[in-house]
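Number of protein chains: 6
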Amino acid sequence: MYHHIKKLMFTVRVGTPDPRFGNMLLEQFGGANGELAAAMQYSIQGINCEDMACKDLLMDIGTEELSHLEVIGTLARMHLKPMKLNGDGAEQDPLIIIAGGGGVALHNSMGNPWTSDYLKITGELDVDLRSNIAAEARAKIVYERLIDFCDDPGSKEALQFLMTREITHMKAFTQALDSLGKAVISPANLIPGKGALSVGQIPPTPGIVSQYYNDSTGEGDQGEIDTTGPWNTGDDITVVESPALSGFQVMKASPKSGKTTLKK
Amino acid sequence: MYHHIKKLMFTVRVGTPDPRFGNMLLEQFGGANGELAAAMQYSIQGINCEDMACKDLLMDIGTEELSHLEVIGTLARMHLKPMKLNGDGAEQDPLIIIAGGGGVALHNSMGNPWTSDYLKITGELDVDLRSNIAAEARAKIVYERLIDFCDDPGSKEALQFLMTREITHMKAFTQALDSLGKAVISPANLIPGKGALSVGQIPPTPGIVSQYYNDSTGEGDQGEIDTTGPWNTGDDITVVESPALSGFQVMKASPKSGKTTLKK
Amino acid sequence: MYHHIKKLMFTVRVGTPDPRFGNMLLEQFGGANGELAAAMQYSIQGINCEDMACKDLLMDIGTEELSHLEVIGTLARMHLKPMKLNGDGAEQDPLIIIAGGGGVALHNSMGNPWTSDYLKITGELDVDLRSNIAAEARAKIVYERLIDFCDDPGSKEALQFLMTREITHMKAFTQALDSLGKAVISPANLIPGKGALSVGQIPPTPGIVSQYYNDSTGEGDQGEIDTTGPWNTGDDITVVESPALSGFQVMKASPKSGKTTLKK
Amino acid sequence: MYHHIKKLMFTVRVGTPDPRFGNMLLEQFGGANGELAAAMQYSIQGINCEDMACKDLLMDIGTEELSHLEVIGTLARMHLKPMKLNGDGAEQDPLIIIAGGGGVALHNSMGNPWTSDYLKITGELDVDLRSNIAAEARAKIVYERLIDFCDDPGSKEALQFLMTREITHMKAFTQALDSLGKAVISPANLIPGKGALSVGQIPPTPGIVSQYYNDSTGEGDQGEIDTTGPWNTGDDITVVESPALSGFQVMKASPKSGKTTLKK
Amino acid sequence: MYHHIKKLMFTVRVGTPDPRFGNMLLEQFGGANGELAAAMQYSIQGINCEDMACKDLLMDIGTEELSHLEVIGTLARMHLKPMKLNGDGAEQDPLIIIAGGGGVALHNSMGNPWTSDYLKITGELDVDLRSNIAAEARAKIVYERLIDFCDDPGSKEALQFLMTREITHMKAFTQALDSLGKAVISPANLIPGKGALSVGQIPPTPGIVSQYYNDSTGEGDQGEIDTTGPWNTGDDITVVESPALSGFQVMKASPKSGKTTLKK
Amino acid sequence: MYHHIKKLMFTVRVGTPDPRFGNMLLEQFGGANGELAAAMQYSIQGINCEDMACKDLLMDIGTEELSHLEVIGTLARMHLKPMKLNGDGAEQDPLIIIAGGGGVALHNSMGNPWTSDYLKITGELDVDLRSNIAAEARAKIVYERLIDFCDDPGSKEALQFLMTREITHMKAFTQALDSLGKAVISPANLIPGKGALSVGQIPPTPGIVSQYYNDSTGEGDQGEIDTTGPWNTGDDITVVESPALSGFQVMKASPKSGKTTLKK
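Respectively, the protein sequence lines represent chains A, B, C, D, E and F. Quick note: the first sequence, position 126, residue 126 per the UniProt record's numbering, numbers continuous. Quick note: the second sequence, position 184, residue 184 per the UniProt record's numbering, numbers continuous. Quick note: the third sequence, position 119, residue 119 per the UniProt record's numbering, numbers continuous. Quick note: the fourth sequence, position 10, residue 10 per the UniProt record's numbering, numbers continuous. Quick note: the fifth sequence, position 219, residue 219 per the UniProt record's numbering, numbers continuous. Quick note: the sixth sequence, position 160, residue 160 per the UniProt record's numbering, numbers continuous.
Simulated from the structure, these hints should not be mistaken for laboratory data. The reader is advised that the hints may include incorrect statements.
Identical copies carry no separate label here, and so any pair may be met within one copy or between two of them.
As the list claims (entries may be wrong) - Derived pair list, reagent style SDA-like, types lysine to any residue, alpha-carbon separation capped at 25 Å:
no. : residue 1 : residue 2
1   : 84        : 51
2   : 194       : 239
3   : 81        : 223
4   : 194       : 230
5   : 252       : 191
6   : 252       : 147
7   : 252       : 17
8   : 252       : 152
9   : 194       : 229
10  : 252       : 179
11  : 252       : 14
These figures come from a predicted structure and were not determined experimentally.
Extracted from the complex, chain A is given alone in its bound form:
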């Protein structure tokens, strides 16, 4: 059950409203990485979750994101007010003024309706936590870009608050993943099928999992190169050069024997 208190989690103050910036803010209200997306992703994962500790975590943060939705919505509405009063910026986003009367609605900065296609909910707890860590990283960088475009000190403070909380949540989700034994990453522990590289019950096929396919080769006009990194070097990695061109084709992948049959 939910209860609403008529206080914003962060007191919003706007010096000079800027409808164009208000429009940009909608990216975090009804956009792909915005607060409704966060609130719904975590809360619905929470409804599905059968680990009671993580369920509590998901509901805590899911509920906090609802409070963030209210903060960003209020902030956007304050910036859009001149559009309502005198049509300032209306041509930029006619949807807001003509269809919405100058108020906020659940769309992004380009008027695209919010859709649950934005959400990543698999019902597999560790997978969902990884999706949440990535979601928080995305939300963090979007807030940073909004701050970079913002001149109003009061708005910047509110955005700084919201941005900070994303890092808080990123940490909490990482700790939850760690509590499942799937977060600790060190160059030494990157073993396919174990720890941070473990998902579900079925193990990856041993031979195939170690192959790196060099599917993009050559050099480009703007400095593109075919190069190496930790991902395609090292004793545990077999590089397959240009598999399409070399006639490489896998015929049988047996998870039990670990044998791979190739065909030329």
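Chains B, C, D, E and F: place on chain A using the hints.
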């Protein structure tokens, strides 16, 4: 520039075609976590990427996913063939038979059109890599579920191959994130704004980033509890109990001084 | 600010889970007239609302709908459980089991993603209240149909509770509209531009507003007739017979003089 | 069967074309509350309708809206002409000029494709009529806003005509609802389950239907208050204060006995 | 201006209603190649069209498609009736029964909402006519598949009528394209930039337009071959073998000189 | 299997980047008639195709379009660079800068997400080829419009190359259709059900296929006329004047006897 070779990356063999399973397979062809989503997410991140080593990695894997798209599409089509020949299963997915003539199309198992709303592309390399790690985890678990629903040995082998490659990619993206100094996670290094918890340039506000908001409390009828975990215990964490109810409200968040002003 | 309590607003009890019915229930979770649609429509209207009394009403009901979302989501998840455990009903909705691991997600009974295109938010208070009255009527009839398809007494009780609340809300929104002087309807008071037929500031053009265009004529094979009702009879109504065929065309509509110029 | 006459229902005259205003006009061509939405909502309700009198009404107005679609489309196209001729305003809406060659298409003012998710069709006549009354109110306010943004007298006249017709339709749908005994509203007749508050066959649960849940409390920084109105005062209403916080939970709702069981 | 007559263009008779087939029929009501798509594509092209003869053609056929929409909607509704009466087939398409009360709505056979993304409208008359010829071909084959799935003689007759009309329209659009000098095709007249291969004003670059890129090579497991046809043989065609692999890259394409600069 | 070479098919050179033009270019990257749409439409038709010669053609061109996607994406990104560096043009398309960090993403010039609803894939080879011919014509005219809006010589050259290739493909698809005996069009060979007017197996009903319905009549204010063309004149055509108004209604359409029964 792309070149296509008329060989599948994995030789597909289907014993007994099952149109209902063919329909399920579309989840990985035109679905939210499927192969087109993977191919497009990585390839477009690659076009935008200015780190030449990671660009190479993104194009390698993006191209491999195109080859996977071809494998899963061919596998689905083989399973759908009886629907084309005698209408078997047509009522289950009339879109396939009536609109598509029994062939595959870019929709998921419920006929929803593929949309780029599925993709997570931010133009911030480390953020994109985190999104990719999560995307691979999702694809892995979806393949596992398809294997669990599958009776045909040949189909299982193809799915096992594709599933295995997700783990390979998950490892490669983790190593790339590590090459940026943002992957190594240990209980000791979880410092907001540093390493694995660092995104962009603007640091989180010190005081606020350490607060855990206990926004969901009480006990539920099915065992829901208000509990603790590593995410809301420890010296570096301040738990704020039921912020909405306690009159908690942040008024000012200064990233420089690290001071937070609360109001009651 | 929001707070969540780990108690459902209505205690959910399911005797015999039925995944097919669980799938149907998603219509009220992530469907066009479901609880998220209600929660978002009223809460965002509330954020935009400048009448403090109605804002309170909108936030009260918007918050209650969030609690309903939790009830219906929990109920659907209990019915879907056998799909998760043994795949029962999986072919009916592969999206739930393959993509979602047997849990609920924000889509309707046919797997369509929830979209804010479902919402009706205009920023004009009396218009929004009329949209809300209609929304409650739609939700009521959908719950009634779900009850008619349901065999499980415990599920029926939960649905009866949720259905009842729609009538409560319908009454409250009607009273709010009445508090604006725009709800009271009697055959005597249906004057265009006044009371229940008043929207915004610009009055309708007197002559034109009284014309009824008989644009569909003749008799059909299944009893379709060209008939009369209160809407096209009475002293204050001018019926224009088959305007397209009679050469009727309006050339000038003057809101001040009330004169209409027609052209033949 | 339909027939088209090459006369507009309203003669469109544009003095000075304004592509930016032409773009705004698309809101009523291919937008959520526009003329195609109206035409389709009423005509399809008409196809489904089994009350022959109301079916006639729905087809009359549904057909008129098709004629309105033609008027608004022609008006928008005249305003967009300079974009076609010399690219004026093209950067504002590149979709129109690059994809559409300067003509109109079925999208709204922000380029969002028209979708039948905009429609409200339930197959329950009185519910559909309520949706139609609300739809006409929305269309009316959108036309009013377009008039407020418009400088061209000829365009204003056309919009005034179209706006006026929405009030005509609003009245007709209200009279139709009244003919079903569900429209007359007076403070005295607001009885849940009767007349204007009657939907479908299943009555609401007596005790529960009279409860008002005060789910949003406190005072906000911008004057938000927890207040009263006709909806939460009066002898027939039981106010439940902060149900989530007070441990309120409904366990059983019996439509027959009217008894509600609460649990603390 | 439109007028509606309460007669169907084709008298619909259904012997034994079949809700599953009714569901399939929705593909031509609210589906991608259905009657609303046809009606809207042609009518809106007509509104934009400045060639008065072709505008008349587009409005004639656009209006006829509205009459077809009414026929297919009525036919679908007759087949869906048992679902409304006794829930037969409801699990197959819960959207129809739960959300729509057993009536038709503007979605396809899988419940996807109709969207104007289905339409092809470019504002370039000959291009639009080509899109229309293709659209009619698609609609024809979809009707044929529906006939193949249909057991009811009366329904087959209605579908045969609608299918026949697609060929009529295909011919008319081809004749219209011919009246623009862009339809007549013979092996002799396939000259890029002329007649049937002429679009717009800018001519294609001579050298490049004659190159055929053999981008897919090799042999596949199911008989896929790298082969020849009229499209990559003949004196006027230069085949570029595996351009990506051969280092082929175009550096400059001059429409005036017809010279192409390649780079290795 | 696919391989990627780090060379663009056309060397992209941009003199003065123009973010607003970069935004327009997205129409051909993630837009309805853009390169991803082309690549996917042909490649998936190719996967479904059972004619090995046409399958090769579809894979050749499908793969080339992937290379075009890379060219247009790189070109758009070069034009968008100033938006990334200093926010130039950010208000025009906030989605690019705020959500995408200044890079390209799979949406069109108005920010609409790419959707497979853009694709036309029926699994009937000749129908698909007709759809492809029309698709190439649309892509050609869109490139021409982009060239007309472009001032930068280097960009124009790249667009000229891409535009030219559409004509090449249009010719190839026409030749493929001809190889099936369905392309040659001359005024003499337009026989319904034969050659260019042949689709599928079921012949059109003889009498009905020759009827032209004059469904739009009269004269309009802007020169609209009810006129004749090759499509409604000639011995083989029966014109039915205003069928809706004349009581025309088809009762029986027998494909065998060719008899049509009308009813008045």
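Check each numbered hint against the structure and report the violated ones by number, ascending.
10
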